[in-house]
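A.B. asks: All chains, full assembly: derive it from the sequences and hints.
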Amino acid sequence: MKFIFWIIFVITGISGLMTVTTKDLFRSALYLGVTLLGTGLLYLFLGFDFVGWVQVLVYVGGVVLLIIFTIMLARESVMKPIVNTVRNPFINGLFALLIFLLLMLVAKNIYFVPEEELEKDYNFLPSLIFQSKYVLSFEVLSVLLLIAFIGAILIARRD
Amino acid sequence: MELKPLFYLSIFLFSLGLYGALSRRNALGILIALELIFNSANLNFGIFSKVWANPLGVMTIIFGIALTAAELVLGFAIVILLFRLRKTSNADEVSILKG
Numbered sequence: 001m002k003f004i005f006w007i008i009f010v011i012t013g014i015s016g017l018m019t020v021t022t023k024d025l026f027r028s029a030l031y032l033g034v035t036l037l038g039t040g041l042l043y044l045f046l047g048f049d050f051v052g053w054v055q056v057l058v059y060v061g062g063v064v065l066l067i068i069f070t071i072m073l074a075r076e077s078v079m080k081p082i083v084n085t086v087r088n089p090f091i092n093g094l095f096a097l098l099i100f101l102l103l104m105l106v107a108k109n110i111y112f113v114p115e116e117e118l119e120k121d122y123n124f125l126p127s128l129i130f131q132s133k134y135v136l137s138f139e140v141l142s143v144l145l146l147i148a149f150i151g152a153i154l155i156a157r158r159d
Numbered sequence: 160m161e162l163k164p165l166f167y168l169s170i171f172l173f174s175l176g177l178y179g180a181l182s183r184r185n186a187l188g189i190l191i192a193l194e195l196i197f198n199s200a201n202l203n204f205g206i207f208s209k210v211w212a213n214p215l216g217v218m219t220i221i222f223g224i225a226l227t228a229a230e231l232v233l234g235f236a237i238v239i240l241l242f243r244l245r246k247t248s249n250a251d252e253v254s255i256l257k258g
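Protein chains in written order, with the working numbering: chain A, 1 to 159; chain B, 160 to 258.
The set of hints was computed from the structure by calculation and includes no laboratory data.
Note that this is a predicted model, so its numbers are computed, not measured.
Among the hints, erroneous ones may be present.
Unchecked claim - Simulated DEER-style distance windows between Cβ atoms:
#, chain 1, residue 1, chain 2, residue 2, range
1, A, VAL140, B, VAL253, 29 to 37 Å
2, B, VAL253, A, LEU97, 24 to 32 Å
3, A, PRO89, B, VAL253, 15 to 23 Å
4, B, ARG245, A, GLU139, 33 to 41 Å
5, A, LEU128, B, ARG243, 41 to 49 Å
6, A, GLU116, B, LEU240, 34 to 42 Å
7, A, ASP121, B, ARG243, 50 to 58 Å
8, A, PRO126, B, GLU230, 22 to 30 Å
9, A, ILE155, B, PRO164, 39 to 47 Å
10, A, THR21, B, GLU230, 20 to 28 Å
C-beta: ideal position from N, C-alpha, C; glycine also.
C.D. replies: Listed below in structure tokens is the structure:
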């Protein structure tokens, strides 16, 4: 089990790196799909089954499909792939590296509870959504999604 | 289940997303990199929900996923409209709002 965890961990990191370094935008979207799938599987290892499958369904099934459709719609010809060039890679890379090192410095000093002291039977149950005080905000969220979709259709439609 | 390496992974993904969002020229590339940043934030919420045994973190992940989906749908609609009007999806060439 630990071996599978580390394989998924490494694949997620590497495909995240490939997402921002690949030239072809279509491949970049596919690598993003691998990263999101890996994160969803890591949620399963944390014990959050519901969130893991929601991530796989919504992100890998929905959002990556949406990205690929947009790439298909927003290119000049079918034969010509969108080349995704990079601006000032060294300055931006240095900046991102500095932020990375700063955050790692902070993360190194955080005390994490040892694994034995964690609550063993803590698991998020989906029924909690409808039994807690979050249910109203959850319904409001669905209205927000509806408004966003109607807005997207209004913006992108050809009239 | 190792929590600290997962925390480092989320920091790594955040830095990659930051690099991509700063350096990509294409608007779609910027949106893809933003997606990485949201994903790393969600992973972080999951880790600390596990550490403190608090379901609020998982609720935040579910809300974050839905909000990200809404935001990306609008972003891609704008990119498609932009491509129809200007025949480009390059973020540098779009300076309509510049005074």
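A.B. asks: For each hint, tell me whether it holds in the structure or not.
C.D. replies: Cross-check of the supplied hints:
1. Roughly 33 Å separates the CB atoms of VAL140 (chain A) and VAL253 (chain B), a value that falls within the hinted 29 to 37 Å.
2. Hint check: VAL253 (chain B) to LEU97 (chain A), Cβ distance near 29 Å, so the stated range 24 to 32 Å holds.
3. Against the hinted window of 15 to 23 Å, the Cβ-Cβ separation of PRO89 (chain A) and VAL253 (chain B) comes to about 21 Å, which satisfies the hint.
4. Taking the beta carbon of each, ARG245 (chain B) and GLU139 (chain A) are about 39 Å apart, inside 33 to 41 Å as hinted.
5. Between LEU128 (chain A) and ARG243 (chain B) the Cβ separation comes to about 44 Å, which falls inside the hinted range of 41 to 49 Å.
6. Range check, GLU116 (chain A) to LEU240 (chain B): Cβ separation about 55 Å, and the 34 to 42 Å hint is violated.
7. Restraint check, ASP121 (chain A) to ARG243 (chain B): a C-beta distance of roughly 54 Å satisfies the suggested window 50 to 58 Å.
8. Look at PRO126 (chain A) against GLU230 (chain B): about 24 Å separates their beta carbons, and that is inside 22 to 30 Å.
9. Separation of ILE155 (chain A) from PRO164 (chain B) is about 41 Å and conforms to the stated range, judged on CB atoms against 39 to 47 Å.
10. Range check, THR21 (chain A) to GLU230 (chain B): about 24 Å between beta-carbon atoms, so the 20 to 28 Å window is met.
Going through the hint list in order, the structure does not satisfy hint 6, though it satisfies all others.
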